[in-house]
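There are 2 protein chains.
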Amino acid sequence: MGSNLNKKNIDFDIIENGSITSVPGFYASACHCGLKSSGKPDICIIYSPGGSVCSGIFTTNKFQAASVIITKKQLEKTKNIKAIIVNSGIANACNGKKGHENALETIDIAAHQLDIDKKNILISSTGVIGQQLPMEKIKKGISICSDILSADGGHDAAKAILTTDLVTKETAVKIKTVSGEDIMICGMAKGSGMIEPNMATLLVFITTNVKISGKLLDSLLLEEAEESFNHITVDGCQSTNDMIIVMANSKSNVILDNKAGKYYKEFKNAFSYVMRDLARKIILDGEGATKLIEIKIINVKKKSDAKILAFKVANSNLFKTAMFGQDLNWGRINSALGSAECNFDPDKVNIYIEDVLVVKNGMGVDFNRKYTDKIMKRKEIKFTVDLNSGKEEFNVLTSDLSIDYVKINALYHT
Amino acid sequence: MGSNLNKKNIDFDIIENGSITSVPGFYASACHCGLKSSGKPDICIIYSPGGSVCSGIFTTNKFQAASVIITKKQLEKTKNIKAIIVNSGIANACNGKKGHENALETIDIAAHQLDIDKKNILISSTGVIGQQLPMEKIKKGISICSDILSADGGHDAAKAILTTDLVTKETAVKIKTVSGEDIMICGMAKGSGMIEPNMATLLVFITTNVKISGKLLDSLLLEEAEESFNHITVDGCQSTNDMIIVMANSKSNVILDNKAGKYYKEFKNAFSYVMRDLARKIILDGEGATKLIEIKIINVKKKSDAKILAFKVANSNLFKTAMFGQDLNWGRINSALGSAECNFDPDKVNIYIEDVLVVKNGMGVDFNRKYTDKIMKRKEIKFTVDLNSGKEEFNVLTSDLSIDYVKINALYHT
Chain A
2 MGSNLNKKNI DFDIIENGSI TSVPGFYASA CHCGLKSSGK PDICIIYSPG
52 GSVCSGIFTT NKFQAASVII TKKQLEKTKN IKAIIVNSGI ANACNGKKGH
102 ENALETIDIA AHQLDIDKKN ILISSTGVIG QQLPMEKIKK GISICSDILS
152 ADGGHDAAKA ILTTDLVTKE TAVKIKTVSG EDIMICGMAK GSGMIEPNMA
202 TLLVFITTNV KISGKLLDSL LLEEAEESFN HITVDGCQST NDMIIVMANS
252 KSNVILDNKA GKYYKEFKNA FSYVMRDLAR KIILDGEGAT KLIEIKIINV
302 KKKSDAKILA FKVANSNLFK TAMFGQDLNW GRINSALGSA ECNFDPDKVN
352 IYIEDVLVVK NGMGVDFNRK YTDKIMKRKE IKFTVDLNSG KEEFNVLTSD
402 LSIDYVKINA LYHT
Chain B
2 MGSNLNKKNI DFDIIENGSI TSVPGFYASA CHCGLKSSGK PDICIIYSPG
52 GSVCSGIFTT NKFQAASVII TKKQLEKTKN IKAIIVNSGI ANACNGKKGH
102 ENALETIDIA AHQLDIDKKN ILISSTGVIG QQLPMEKIKK GISICSDILS
152 ADGGHDAAKA ILTTDLVTKE TAVKIKTVSG EDIMICGMAK GSGMIEPNMA
202 TLLVFITTNV KISGKLLDSL LLEEAEESFN HITVDGCQST NDMIIVMANS
252 KSNVILDNKA GKYYKEFKNA FSYVMRDLAR KIILDGEGAT KLIEIKIINV
302 KKKSDAKILA FKVANSNLFK TAMFGQDLNW GRINSALGSA ECNFDPDKVN
352 IYIEDVLVVK NGMGVDFNRK YTDKIMKRKE IKFTVDLNSG KEEFNVLTSD
402 LSIDYVKINA LYHT
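Chains A and B, in that order, give the protein sequences. Just add 1 to the spot in the first sequence (first one is 1) and you have my numbering. Just add 1 to the spot in the second sequence (first one is 1) and you have my numbering.
Just so you know, the hints here were simulated from the structure itself, not pulled from any lab data. Each hint should be verified, as a subset may be incorrect.
No copy is singled out in the list; a pair is fine if it fits within one copy or between any two copies.
What the hints assert, rightly or not - Here are the simulated DSSO-like cross-link-like pairs (lysine-lysine), alpha carbons at most 30 Å apart as the crow flies:
| id | residue 1 | residue 2 |
| --- | --- | --- |
| 1 | K212 | K408 |
| 2 | K303 | K392 |
| 3 | K378 | K408 |
| 4 | K78 | K378 |
| 5 | K37 | K361 |
| 6 | K383 | K408 |
| 7 | K98 | K383 |
| 8 | K98 | K392 |
| 9 | K361 | K73 |
| 10 | K120 | K302 |
| 11 | K99 | K349 |
| 12 | K349 | K392 |
| 13 | K408 | K252 |
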């Protein structure tokens, strides 16, 4: 995954100001029901009255929120989903039987309000761990949201899923087809702390209007999550709640039969873009982040080693504070690499910031500090670490570690 | 290792205000030669004119400073060491052939100034990576230090090895023997960032007056480092330079023959205390630290799993910022545990802060928030995580992640 998403040679268009309800047949709404003391929106509904084929991937954390456990089970029963209820402010995690019951009750309430079957409803939560959902407020929230569902509600929903995020994160694209009908893929994401790979770290909801089998959608989602969200980290922490859900409502006449079929490749490309763009937006909005930093490890024997090394640097507090201080302290990259649990020859390591060689054969070299000082002031910076010992590579996007990261997380009280 | 070092039933005495030169036969001195812009002491000599049996353990980072490479080689040639030259301010690491040559020249200069053989000299460095040692300044520094070597120089040396440390870290003990002669073990340490296990993270120098074989001293040092310095973390980062060196100068008539011999057990106990006390002092002086936090994982099947879990919590930025915020956010402990790469049953997990149960069977329970709020204000806090599934345990000492940690590391410019 690249920090600079190359849009050359792509056969789709970005929908400016698009949202998940830009896709025909999807409705959404949000309101403040009282979970957040700030008064900001804290509950939303994503609604597909005609139903949609749905795939999901979930946190690998051993402590799993009720929403994760239940939504996984729901998808095992049927992949045909009509509504997702998402609340922010309370994670409804690590709170026992009562938490589980409240999650099930949320589905009951939604089924009643929307007049649909319970089995076609998913739930998702994010926020503080250990608290119980105040069910009267949830009930009120679902009732309000049910009444105001709208084909323009996407942006409202994108706001309602946020916690410590500063901005909404939405990406929308369309692919022109010969029939004149557009394939649309639109997504929204939430997450700015606890961002690490293995799907443990964020909420993402993507809508599309293609007709696709659940199996094919599952495999596509898994593949593209690996190439996008599994390449980012803010703080190396994984959460109990997070999930990526894709809903395909078949509203267009475009049928994606199999990987060799018509439009599959185009769809995959555009889907990949949406996933990677949302992942990138999450890092740009990382808690306290002032920079987006790409660490690319190249010419490694094993890809798994490249991944270990990339994350070792990307999660190094010393490296991340140096980035915040706009200091090209490459010694902290060396230190981080050298302490990773994999084998490489330190004497073969070259390190570049953008196109400037700063470490050759493991040692610092002379370079134009005036020029690199300018680079260090940029909002986006790329480091390349060349191990000169193979052909594999892996890149990670990360943010810096700022004073505001500490403030945000020290003040976010339970 | 405990955060509260239990001194009950121990058969040694703490030497108040002791230093490495409290041990008869050891001399030290320090001065400012110009490596630190602050004008603070930046070079010192530890001197044992009669020679001493010496053991060392070293960073496992793949990028190793010249001082680490050379000191290891020196100890392979002979364990009889008379002097150690330590500089702070410049790490003399990742700077190639010139760096290596400068390190060797440092030994040459010291050999000349102290009029001893090169093979009996070790070197140690700490500071910024990638810079070359200004050899004229080093020469001047060694010359001055050689002239002012003193049996009272220990405290000066303890100051000269510091970088971002706020305070010196020294521990000294003595054991009474039947002959009336005391066994003495005195140490000093440096380190406040880049603190993580595997000896990758700090400088420690310990002096003692027993007569002991190099082999026995090696095995004791390895064993006790595992029980002390390998139980601490400030930021999960490992450095290129760090080492623990013990010098035994045989000045007392106490001979430690073998593990079953007279006084060995007492010596081991006291040595263990010195190591653990220095490790603890490093955490207390962790960069920006406002708290010392012990994470103890108990009743685990495998000790290796207990270690993984303890470090996962101890290195979690979200946990550490919550500690800085004095917020008992146990959800972040759950999250960290759940994302560790080892198997356990989350439904069996109990978590205590001091003696207060806050999580039972993986879920939050009601507890006296007024009382725990008071605990959270303490300087030292202990968390116990009971996995209820075995008999192994592991504890780690860590510090919180504060605004000052970021300031210190963002401003510590190359």
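To see whether the hints hold, each was checked on the structure:
In this assembly of identical chains, the alpha carbons of K212 and K408 never lie at most 30 Å apart, being 46 Å within a copy and 53 Å across copies at closest. In this homomeric assembly, K303 and K392 come within 30 Å of each other (Cα to Cα) only inside a single copy, at 8 Å, whereas the closest approach across copies is 37 Å. Proximity of K378 to K408 under the C-alpha cut-off of 30 Å is found in both arrangements, the shortest distances being 22 Å within a copy and 17 Å between copies. Taking the shortest alpha-carbon separations for K78 and K378, neither the intra-copy value of 52 Å nor the inter-copy value of 49 Å comes in at or below 30 Å.
Taking the shortest alpha-carbon separations for K37 and K361, only the inter-copy value of 27 Å comes in at or below 30 Å, while the best intra-copy value is 51 Å. Taking the closest pair of Cα atoms, K383 and K408 come within 30 Å of each other both inside a single copy (26 Å) and across two copies (23 Å). Within a single copy, K98 and K383 get their C-alpha atoms only as close as 47 Å, which misses the 30 Å cut-off; across copies the closest is 28 Å, which meets it. In this assembly of identical chains, the alpha carbons of K98 and K392 lie at most 30 Å apart only when taken from different copies (29 Å versus 50 Å within one copy).
Within a single copy, K361 and K73 get their C-alpha atoms only as close as 49 Å, which misses the 30 Å cut-off; across copies the closest is 25 Å, which meets it. Within a single copy, K120 and K302 get their C-alpha atoms no closer than 47 Å, and across copies no closer than 40 Å, so neither meets the 30 Å cut-off. Proximity of K99 to K349 under the C-alpha cut-off of 30 Å is restricted to the inter-copy arrangement: shortest distance 17 Å between copies versus 57 Å within a copy. Only within a single protomer do K349 and K392 lie at most 30 Å apart by alpha-carbon distance; the minimum there is 14 Å, versus 45 Å between protomers.
For a Cα distance limit of 30 Å, the shortest separation of K408 from K252 qualifies neither inside one copy, at 46 Å, nor across copies, at 53 Å.
Going down the numbered hints, you'll see the structure goes against 1, 4, 10, 13, while the others check out.
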